[in-house]
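Enquirer: For this one, chain L is given, so just place chain P on it according to the hints.
There are 2 protein chains.
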Amino acid sequence: MNGMAPRRRGRPARKAADTGPSAQQKILDAARTEFAERGYDKTSIRGIAKAAGVDPALVHHYFGTKDEVFAAAIEVSFEPALMVPALLAGGPDGIGERLARYFIGVWENPVTRAPLLAVIRSALTHEAAAKVLRTFVLRRLLERVAEDLDVPNPTFRAELAASHMLGIAFLRYVIKAEPLASADTEEIITMVAPTLQRYLTEA
Amino acid sequence: MNGMAPRRRGRPARKAADTGPSAQQKILDAARTEFAERGYDKTSIRGIAKAAGVDPALVHHYFGTKDEVFAAAIEVSFEPALMVPALLAGGPDGIGERLARYFIGVWENPVTRAPLLAVIRSALTHEAAAKVLRTFVLRRLLERVAEDLDVPNPTFRAELAASHMLGIAFLRYVIKAEPLASADTEEIITMVAPTLQRYLTEA
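Chains L and P, in that order, give the protein sequences. Number 202 marks the last residue of the first sequence (numbering that gives the first Met the number 0); no jumps. Number 202 marks the last residue of the second sequence (numbering that gives the first Met the number 0); no jumps.
Incorrect hints may appear among the rest.
Identical copies look the same in the list; a pair holds intra-copy or inter-copy alike.
To be verified - Keeping only pairs whose Cα atoms sit at most 30 Å apart, straight-line, the calculated DSS-like set for lysine-lysine is:
1. K25 / K65
2. K49 / K175
3. K175 / K130
4. K130 / K25
5. K130 / K41
6. K49 / K130
7. K25 / K49
8. K41 / K65
9. K41 / K175
10. K25 / K41
Quick caveat, the hints were computed from the structure, so don't treat them as lab data.
If we strip away everything but chain L, and leave its shape as in the complex, we get (with noise of 0.2 Å):
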């Protein structure tokens, strides 16, 4: 009734903004946003944090350096390549066009294109972008796949053909080079799904 300062309870309110799950994902938003556009160099936990309007404090209790940033925000980006064990574990028969068909749907596919593409941009220009990379497409991806093949070194198959189809999306969408720039995906695929076929089932 009088003029009493109001009594503190506790700690300090939060802005709701600061806790929980939606400031991680705003956070690796910003993170992926941030490498995609000024590339890994340039990118900084302080941008980070501004580009998602947190403390760059929250940004290194959440995730730790910047790489292991960029690792959880590549991860996200790399989230088209869960799908890949599920397309496996349809058996042998017709892997080759099952995985060449999936890759070539992420890339066609301008919203998953991009944050790859800045990845690998990161990867060629940054070599502690390119260990990340490794340490993650190794671990989460071909290793995975490879627990998958029933061939003699497994993980060497699986780097072959992954190196395969990201020769064609450097050359179809990065180098832009004609015809394969504006061949028809049906095309790509009835080429290439042999040869994945081969790599990853023939002994």
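Expert: Only chain P this time, still in chain L's reference frame:
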């Protein structure tokens, strides 16, 4: 006999270093180094001239714009590619293995690898560089290869072959993904040669 000023004869003397092919070569060497070390964006005609020890006007005189200097510089980097028509001249039998072996050889050698990596990095990070690479690679290499192929859509087939080898280069030498990075080159050639053979010779 007396203190007469020496008579001028004709045009002022030029420094020997500013004339003839050796100046052109110095400019090309400097351009390759500048592009490789600074990247496409941060390289300038002035910077190239300084590194070559010549006047910027001489760079313009011999080569033209920055893009034209870049095109000339990467042409030299792709000198190994000039061997490819000779490899094709051996006829279709075993062409897959010859090309796989040659490509791997160029990338295994750090001297020939470094400028190629620099070109790819430039193309990935600067659209103008991608455009130069696209024009150059297509016109000078892939279409030349396609002339010697007896398959439908020969340029498309040549690009598929090139994409596979580029992807291997990326995973082995840039990302350094194991076991591909440490694999014996004969293992890679053995797996990949039949792929290139099919792309380049089978209708």
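Enquirer: Each of the hints needs a verdict: does it hold here or not?
Expert: Outcome of the hint check:
no.	hint	result
1	K25 / K65	within (16 Å within a copy, 40 Å between copies)
2	K49 / K175	neither (35 Å within a copy, 33 Å between copies)
3	K175 / K130	both (27 Å within a copy, 8 Å between copies)
4	K130 / K25	within (25 Å within a copy, 35 Å between copies)
5	K130 / K41	both (17 Å within a copy, 24 Å between copies)
6	K49 / K130	within (26 Å within a copy, 34 Å between copies)
7	K25 / K49	within (11 Å within a copy, 46 Å between copies)
8	K41 / K65	both (11 Å within a copy, 24 Å between copies)
9	K41 / K175	both (26 Å within a copy, 23 Å between copies)
10	K25 / K41	within (19 Å within a copy, 32 Å between copies)
Comparing the model with each earlier hint shows a violation of hint 2 alone; every other hint is respected.
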